[in-house]
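Starting from the known structure of chain H, fit chain E onto it as the hints suggest.
Okay, here's what each chain looks like letter by letter:
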Amino acid sequence: MVLIDDRELEVLINEVFEYYGFDFSGYSRASLKRRVDRLLHLDGFRNFTELLSKVRSEPAYFKHMVEEITVNVTEMFRDPLFYNVLRTEILPIIGTKPFIRIWHAGCSTGEEVYSMAILLKELNLLHKSLLYATDINALVLDVAKKGIFPLQMMKQYSENYMASGGKKDFSHYYTANYGFAKFDSELSEKMVFSQHNLVSDGSFNEFDLILCRNVLIYFDKDLQDKALVLFDDSLAKLGYLALGTKETIKFSPLQNSFKQHNKEKIWKKVQ
Amino acid sequence: MEKSPIISGCKVVIIGGSAGSLDVLLKLLPRLTVATFAIVLVVHRKSSEDSTLEELIAIKTSIPVKEVEDKIALLPGNIYIAPSDYHLLFEKNDQLSLDTSEKVNYSRPSIDVSFESAADVYGPALVAVLLSGANADGTQGLQAIKAAGGIVVVQDPETAEMPFMPRNAIENLTADYILGINDLYEFISTINI
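Protein sequences, first through last, are from chains H and E. Just so you know, our numbering puts 199 at position 199 of the first sequence, and the rest follows in order with no gaps. Just so you know, our numbering puts 20 at position 20 of the second sequence, and the rest follows in order with no gaps.
Worth flagging that the hints you see were computed from the coordinates, not collected in a lab. Quick caveat, the model's predicted, so the values are computed rather than measured. It cannot be assumed that every hint is accurate.
[Claimed, not checked] Straight line, CA to CA, 20 Å or less: simulated SDA-like cross-link-like pairs of lysine to any residue:
(1) K146(E) to D6(H)
(2) K263(H) to K146(E)
(3) K92(E) to S25(H)
(4) K92(E) to E8(H)
(5) K92(E) to E10(H)
(6) K66(E) to E264(H)
(7) K103(E) to K250(H)
(8) K263(H) to E67(E)
(9) K250(H) to E69(E)
(10) K221(H) to I72(E)
Isolated chain H (complex conformation) (with noise of 0.2 Å):
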C-alpha cells in the first residue's frame, strides 16, 4: 500500500491553497494522513507524485478529492442522550422566543438536521424555526436535501430515537421504498442547505443554537479556536453552542464568556 510521508502531505496541502484557495493547513495532520493515504488506495495511485499531478491538472478530481478526505460518518440521534438534553432542557428555553434560528455547522449528509427537526415537530416549534445546514462538501449537501437515508440504518436510528426520549413510532416520519427511507417533506420545508467552509467563511446570520459535533476534532488547536470566534460571532446572547462527546471550549478564547449546561457538552454565551 502507497503512504504519503509528512513532506508530501505538506506539499499537497501548499499545492492545494495555490491552486484551489483551500486551506487545509489547519487539519489535524494525523487524521488528514489517513484521509490521504485511503485516497491513494480507493483510486489505485501508484505513487504520491500521480496524485499530485491529476490535483493539480483536473479541478473535477480536486473537488473529488475534498470530497473524500473529508469525513462524512454521521447518523440520526448519534448521543440518544444529548438529544434527550436538547429535547427536555435546552429547546424549551430557546422555544420561548418568537422565532428560532439553529445552524448545523459541518452537518454531512444531514441526519442530525432531520433529528433535530423531529424534535422541534415533537416540541410544537417546527412552524416558528429555520435549520441551516452547511457543509464544505457539496456532494453530502445533496444528499441532506433530498432527506433520503438507506433503510437497514432505521432500526438503530429508531433505537436511537427511543433512547432520546421519543414516544412516536419511528416509522411515521418516513415512506419507506427500494431499499430507502424518504423522510417526510415537512421536516425538510423548514431547512436551509448552502456550502460554507468554517477555515475561510464568516459569520452569516445571528442563531440561538449552533451545532459543530465531531467536525473541529479535524482541525489543529489554532483552527478550533478560530472557528469557536466564528461561532461566538454567529450566536445570539444567550444562544447555545454544541460540540461533540469529546470536544470542549476549554482553553480556547471562548471559555469565560460561555457557561457550560451542566455537564453536557452544551454551553450558553452568557455575555
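Chain E alone, transformed into the frame defined by chain H:
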C-alpha cells in the same frame, strides 16, 4: 521468558485488545505502580457504552487514568483509553486526536488505526502489545510498528481467552516477544529501567 529485554527510550506503550483482553488488563495494570512512559489502551467496546471502562480501570490502578478528549497532551506516567465510537490518533506535537471516520475491521476504535498512527509518530520509541481477541484487528498495525522500528509484543495465544487475534498477528509477522500474562507484567515493568 527466554531473554531478558532491555528497552530504553520508550515514550509510549500501546496495548490493543478485544474479547478476553479486559481480564488481562485487570491482572496487569494493578501491579504496575509507576510508568516512565504513557500507556495507551485501545480496546474494542460497545459504542453505546460511555465511561464504564475508564472507571473500571481507574479503580484498579494507582497510575492516573486521564479522560481522553480531542487534542489533549499525551504525557508520561498516565493511562489513556481510546473512547468508544472514536478512532484514536497521535499528533507529532504529542497531542491525541479523535476521528469518527468509517469503522476499520468492524471496529471504532480500531487497533490498526491507532497502532499505525502511533508508529508514524513514535517509531522506535514505541512498544506495542496485542492481547486476546476474536478478530484480525491489530496485525496490520503491528506490521507498521515493526517497520518503524518499534517493539512488538503479542500475548501467547495459549494464554488468551480468544486466541484468534494474537495468533493472526504471529502468523503474519515476527513478534519480538510472545508472552503469557505474568511475563507480560515482568516485561512492561522493566521498560526504561
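Requested in this report: Go through the numbered hints given earlier and state which of them the structure violates, listing their numbers in rising order.
Outcome: Numbers 2, 7, in rising order.
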